[in-house]
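Here the sequence shown is numbered in this note's numbering, starting from 1 and rising by one per residue.
The hints are simulated quantities; they were obtained by calculation from the structure and are not laboratory data.
With a Cα cut of at most 27 angstroms, we get these calculated DSSO-like pairs of lysine-lysine:
| # | residue 1 | residue 2 |
| --- | --- | --- |
| 1 | Lys301 | Lys360 |
| 2 | Lys105 | Lys23 |
| 3 | Lys105 | Lys131 |
| 4 | Lys155 | Lys360 |
| 5 | Lys155 | Lys105 |
| 6 | Lys131 | Lys155 |
Note that the structure is predicted; figures quoted are calculated from it, not measured.
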Amino acid sequence: MDKPVSPLVARAWEFQQELLARKAELSVDFDWYPYDSMANAVHLDALCDGGLAGLLGMIEGELVADVGCADGDFALFLESLGCRVHAVDHPMANHNSMRGVRAMKEALGSQIEIHRADLDSCFELPAERYKLIFFFGTLYHLRNPFQTLERLAAKAEYCVVSTRIARRLPNGLDVGDAPVAYLLDADELNADNSNFWIFTEAGLRRLLRRSHWAVERFVSVGDRTESDPTSGRDERAFCLGRSTFGVTGVDLMAGWNPPEGSGWRWTERSFSIRCPLQGHVSSGRLRMTFYLAPEFLETWKTLTVRYSGTGEARTRGEVFDQPGSHTMTIDLLPLWDGQRSRSEVYFTLDHWLDPDAADKRERGIIVTEMRVEYA
Numbered sequence: 001m002d003k004p005v006s007p008l009v010a011r012a013w014e015f016q017q018e019l020l021a022r023k024a025e026l027s028v029d030f031d032w033y034p035y036d037s038m039a040n041a042v043h044l045d046a047l048c049d050g051g052l053a054g055l056l057g058m059i060e061g062e063l064v065a066d067v068g069c070a071d072g073d074f075a076l077f078l079e080s081l082g083c084r085v086h087a088v089d090h091p092m093a094n095h096n097s098m099r100g101v102r103a104m105k106e107a108l109g110s111q112i113e114i115h116r117a118d119l120d121s122c123f124e125l126p127a128e129r130y131k132l133i134f135f136f137g138t139l140y141h142l143r144n145p146f147q148t149l150e151r152l153a154a155k156a157e158y159c160v161v162s163t164r165i166a167r168r169l170p171n172g173l174d175v176g177d178a179p180v181a182y183l184l185d186a187d188e189l190n191a192d193n194s195n196f197w198i199f200t201e202a203g204l205r206r207l208l209r210r211s212h213w214a215v216e217r218f219v220s221v222g223d224r225t226e227s228d229p230t231s232g233r234d235e236r237a238f239c240l241g242r243s244t245f246g247v248t249g250v251d252l253m254a255g256w257n258p259p260e261g262s263g264w265r266w267t268e269r270s271f272s273i274r275c276p277l278q279g280h281v282s283s284g285r286l287r288m289t290f291y292l293a294p295e296f297l298e299t300w301k302t303l304t305v306r307y308s309g310t311g312e313a314r315t316r317g318e319v320f321d322q323p324g325s326h327t328m329t330i331d332l333l334p335l336w337d338g339q340r341s342r343s344e345v346y347f348t349l350d351h352w353l354d355p356d357a358a359d360k361r362e363r364g365i366i367v368t369e370m371r372v373e374y375a
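Could you build the full structure based on these sequences and the hints that come with them?
Okay, structure coming up:
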């Protein structure tokens, strides 16, 4: 028996028909984007815990971006569900030089913001922070996909990425388990020279990880046995990624230096974080990964990291005497403020680096990731 269509997917289909009717009414001197942007709703429903409703519940009222927005269909749908939306594309790559999205915004009296960005350059998105970025069907059109994903990770808490993937090379060689990508020739896929990189699933997962995305959910649709980069044997991946750039898995409070170019952060001697928790949970854990430089231990031999939760009289701690990467796991004490659970953790170090001529900051440890986990 087929899975019933969820109410929000049905609403997406209805919204698509409304958009098509409005487009048919408009007299325009350009071609509309020919593909079905709203079909992504079906795949998002399969991708996320709680389906599309769960994903949209997370972003309702939040600022999101539709990057590679085509005619803005999905951006307008998100706005209809209560999101604040930036629709982003590049006129040189857009099917109709972004005239379609502008026409639909005007026709619907929409409040979405439309922005231009060349994703293959050192682009900047207009807002400092987004809850989630939707990034559909654009990755394999980029010359520099690593750069683009890394820049998105510095701006967003989450990202949904969809792109074409392949399990075999055009000659039939099975490379499905290898973290590789195939570079298309100018006319090798649909005679379209804007197509560049087709990753395997393993290659896409590694690309995401190396560009500061932790893959939370992953599904693929299409030919899941014989897909290749150049034929009609098409397979599409949909992934929900959580940014790990600049330690964004929690809310940073006091004692943090700005993120470095590669995404990690120096703390100060004392630092603190706030963890929004899911519902009335009582079993959340914080996993903090940090790097301890050999030079640090040459001076002090050991480092003690002490911590306590909100309202706790007892302070706990761990001692580290080896350089390299370390992970601490901390049980979280939930606090309920009448609307949501949260937990705060306060850290202190017994040694740190004072400001000097080379670096005017106080520096404690180098934190590469913080993540809340649930039992």
